[in-house]
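> Below, each chain spelled out in residue letters.
There are 2 protein chains.
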Amino acid sequence: MRPFDLPLGFKYATAYAGIRKQQKDDLALIVSAVPAAAAAVFTTNKVQAAPVKLARANMRLSKGVCGAILVNAGNANCATRNGDRVAANTTKALAKLLKLQPTQVLPASTGVIGVELEEDLILSKLEEMVESLNENSLPDVARAILTTDLQAKGASREVTLRRGLVRVAGVTKGSGMIHPRMATTLGFVMTDAVIPQTLLRRMLVRATEVSYNRISVDGDTSTNDTLVVLANGASGVRPDPKEMSTFEESLTETLQSMARQIVRDGEGARKLVSVEVHGAMSDSSAASIARSISNSPLVKTAIAGSDPNWGRIISAAGNSGVNFDQNTVDITLQDIRVCRNGLACPFDELDMKQRLDDTDVSIVFRITGKGKGSATFWTCDLTEDYVHINAAYRT
Amino acid sequence: MRPFDLPLGFKYATAYAGIRKQQKDDLALIVSAVPAAAAAVFTTNKVQAAPVKLARANMRLSKGVCGAILVNAGNANCATRNGDRVAANTTKALAKLLKLQPTQVLPASTGVIGVELEEDLILSKLEEMVESLNENSLPDVARAILTTDLQAKGASREVTLRRGLVRVAGVTKGSGMIHPRMATTLGFVMTDAVIPQTLLRRMLVRATEVSYNRISVDGDTSTNDTLVVLANGASGVRPDPKEMSTFEESLTETLQSMARQIVRDGEGARKLVSVEVHGAMSDSSAASIARSISNSPLVKTAIAGSDPNWGRIISAAGNSGVNFDQNTVDITLQDIRVCRNGLACPFDELDMKQRLDDTDVSIVFRITGKGKGSATFWTCDLTEDYVHINAAYRT
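If you read the sequences in order, they're chains A and B.
Quick note on my numbering: the first sequence kicks off at 311 and runs consecutively.
Quick note on my numbering: the second sequence kicks off at 311 and runs consecutively.
To be clear, the hints were calculated from the coordinates, so they are not data collected in a lab.
Check the hints yourself; a few may be wrong.
As a list, the in silico DMTMM-like pairs of lysine to aspartate or glutamate whose alpha-carbon atoms are at most 25 Å apart [stated by the list, open to error]:
#1 Lys356/A / Asp658/B
#2 Lys331/B / Asp661/A
#3 Lys663/B / Asp635/A
#4 Lys363/A / Asp658/B
#5 Lys356/B / Asp658/A
#6 Lys331/B / Glu659/A
#7 Lys356/A / Glu694/B
#8 Lys663/B / Glu441/A
#9 Lys663/A / Glu426/B
#10 Lys356/A / Glu586/B
#11 Lys663/A / Asp695/B
#12 Lys402/A / Glu428/A
#13 Lys363/A / Glu659/B
#14 Lys363/A / Asp315/A
#15 Lys363/B / Asp635/A
#16 Lys331/A / Asp661/B
#17 Lys356/B / Glu426/A
#18 Lys663/B / Glu426/A
#19 Lys321/A / Glu426/A
#20 Lys356/A / Asp635/B
#21 Lys356/B / Asp430/A
#22 Lys331/A / Asp593/B
#23 Lys373/B / Glu426/B
#24 Lys663/A / Asp335/B
#25 Lys331/B / Asp593/A
#26 Lys331/A / Asp658/B
#27 Lys363/B / Glu437/A
#28 Lys356/B / Asp635/A
Between the sequences and the hints, there should be enough to build the whole structure, so can you do that?
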């Protein structure tokens with residue numbers, strides 16, 4: 311997670327507040343030395359958790375300025391009687407301790423839906439957390455925000471610009487209820503570059519589209535999805551107008567790495583599957599086909615069983631709503647062509663089975679013709695363990 | 311499957327042609343004594359099997375007249391080099407034996423995609439099948455068309471009309487790749503009522519909408535879906551104009567029974583789950599919510615684990631694209647209210663767990679307010695066995 315130095319001017323802290331049963335930190339705090347330019351995207355689910363509603367409102371009221379993010383795991387604070395009050399009171403109390411405007415604190419929660427969240431559990435830990443803030447605890451934050459995840463997830467980049475170095479680092483969580491629609495689950499990205507808020511917002515939206523919106527574990531979108539980028543300018547380095555695209559590329563790569571880590575750690579998953587589509591009439595048509603293949607339980611179970619069942623892949627593509635001639639489709643699995651012009655190709659079954667036993671699986675779906683549209687999605691295999699994990703999550 | 315007499319004027323035959331490895335009949339024949347008025351709906355998948363393409367064409371060319379249906383299991387005849395020729399040659403050969411126009415024979419196939427279907431296997435069995443045609447073998451047809459299904463599926467009704475009795479009977483297959491979009495998998499319904507073709511077509515479309523389009527096993531739509539109704543008039547009884555709705559009701563009930571049997575026999579399923587939505591602004595909004603709940607893997611795994619996790623139900627509803635106020639939602643599981651006005655209700659956990667262990671589970675999602683829209687979907691639980699079955703289907 312940390313091949314590079316962390317962005318300057320950010321501090322972190324975590325604590326165990328007793329929100330989750332297992333004794334493992336369930337509170338995390340991210341604080342910027344100076345209020346940072348902030349951009350955020352939230353779930354598109356019509357049912358929204360209290361922290362999502364408050365974070366949206368705070369982003370609007372603060373005009374995209376944020377000094378701190380307060381996260382809890384173990385309880386989604388969604389469909390709760392006191393949810394709005396808990397989110398408001400805890401962020402207000404934190405703002406007071408940090409001498410910030412209340413609207414400059416963003417809350418985020420993840421965990422079970424429909425169970426009341428006790429605000430005292432959080433309030434009683436805030437002072438201790440603020441006192442323990444330090445520059446090195448980002449890995450602790452990555453661990454504290456997890457739920458059914460097995461792996462902590464983070465990514466970082468350094469970008470060398472004409473005026474100096476800037477750093478980007480992010481942490482994320484998510485393992486189930488993952489679906490390519492807007493942001494998914496929680497993600498927090500910090501950079502010490504100087505980036506104007508409106509530009510940061512545009513970069514985040516574009517980067518989300520080709521990262522968090524391109525992954526699928528199970529086709530469900532949660533009530534709590536929140537993805538925030540903070541740019542505090544602590545490096546003093548502002549990219550040249552020409553360098554903005556270099557910075558955006560690093561931000562995008564960071565988000566793509568975080569997104570892929572979510573899929574690799576998908577509930578019960580043993581394989582990361584990349585689905586590339588080429589030759590569609592547009593990038594968005596290619597994305598629709600890639601999404602449909604990535605979401606198909608029949609494709610995902612076949613991958614789990616190392617079964618080169620390309621018939622399910624072409625069938626899933628046919629369900630995408632995109633028009634294509636099935637006689638122009640080539641499908642490649644692990645670099646071996648299994649379907650040419652919509653028909654079976656001979657291949658060595660044993661060799662293919664072994665190739666599909668790899669933890670990284672590549673599906674390339676190519677429409678031959680004039681189309682230039684392409685897209686890549688990431689998904690995982692669907693195993694018995696996914697069912698096992700989810701049949702017993704709440705109880 | 312047969313509480314009532316079968317429709318008059320239909321004969322059936324089955325045979326083992328060696329298309330599937332397991333020695334179990336894989337060919338089925340349905341023949342009407344006189345060419346029948348026929349209506350059919352087919353898959354909406356852009357990738358279409360050869361028999362679907364030919365059946366569509368034959369329905370158009372024959373103007374909805376059909377004398378025989380030839381079905382094979384074990385091979386979908388989809389994405390095959392010789393698929394069109396195999397479908398054409400086998401139906402033509404059968405037409406010749408039965409002295410029908412070739413366009414009056416409808417083909418249907420189900421099984422693996424992308425493997426060539428040998429026409430000789432089918433051709434060599436046709437004479438024997440025609441010779442063995444008889445009025446009682448519909449249950450054999452129900453068995454011969456199965457793939458991963460565990461249970462043969464059929465339904466029948468008798469309708470007493472002013473001028474006499476008419477009979478409706480149908481058989482169907484399907485267990486995976488089941489999704490509420492148009493018809494799903496194969497279904498064949500026979501009636502000896504006198505029904506004009508155009509009216510039969512309208513009845514089938516309406517009945518499909520509230521039966522086959524209301525079930526979900528795994529959210530995939532196959533390349534071979536075909537649902538045909540034949541009305542041969544052998545009873546001599548034509549419903550009065552006023553009685554047409556009585557007949558349509560029986561046809562609809564037959565299709566609903568067949569559709570529910572598919573879900574109950576869903577791959578790996580142990581429970582049939584009915585999802586009722588009330589209080590939406592329209593029936594179609596209610597159907598969207600019910601579809602979203604029925605398709606959610608998180609809801610379906612919770613049901614598998616007898617976990618009353620209503621948070622996943624409200625979250626799935628929030629992903630349907632339908633606007634509703636989460637504070638007006640009541641959710642009932644097995645007649646026990648677990649969520650009122652979007653918030654948790656107290657209930658006896660142990661009692662609920664026992665209720666959810668039943669093989670029939672009821673979810674009622676009610677929006678309180680002025681809306682009068684309602685819809686019912688049927689789905690099944692998602693178990694480890696679903697994954698197990700599908701990870702090893704082709705190989």
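> Does each hint fit the structure? Answer for all of them.
Structure-based check of each hint:
| no. | hint | verdict |
| --- | --- | --- |
| 1 | Lys356/A / Asp658/B | violated, 29 Å |
| 2 | Lys331/B / Asp661/A | holds, 23 Å |
| 3 | Lys663/B / Asp635/A | violated, 49 Å |
| 4 | Lys363/A / Asp658/B | violated, 31 Å |
| 5 | Lys356/B / Asp658/A | violated, 29 Å |
| 6 | Lys331/B / Glu659/A | holds, 18 Å |
| 7 | Lys356/A / Glu694/B | violated, 30 Å |
| 8 | Lys663/B / Glu441/A | violated, 45 Å |
| 9 | Lys663/A / Glu426/B | holds, 21 Å |
| 10 | Lys356/A / Glu586/B | holds, 19 Å |
| 11 | Lys663/A / Asp695/B | holds, 21 Å |
| 12 | Lys402/A / Glu428/A | holds, 15 Å |
| 13 | Lys363/A / Glu659/B | violated, 30 Å |
| 14 | Lys363/A / Asp315/A | violated, 33 Å |
| 15 | Lys363/B / Asp635/A | holds, 14 Å |
| 16 | Lys331/A / Asp661/B | holds, 23 Å |
| 17 | Lys356/B / Glu426/A | violated, 47 Å |
| 18 | Lys663/B / Glu426/A | holds, 21 Å |
| 19 | Lys321/A / Glu426/A | violated, 29 Å |
| 20 | Lys356/A / Asp635/B | holds, 8 Å |
| 21 | Lys356/B / Asp430/A | violated, 56 Å |
| 22 | Lys331/A / Asp593/B | violated, 42 Å |
| 23 | Lys373/B / Glu426/B | violated, 30 Å |
| 24 | Lys663/A / Asp335/B | violated, 30 Å |
| 25 | Lys331/B / Asp593/A | violated, 42 Å |
| 26 | Lys331/A / Asp658/B | holds, 21 Å |
| 27 | Lys363/B / Glu437/A | violated, 70 Å |
| 28 | Lys356/B / Asp635/A | holds, 8 Å |
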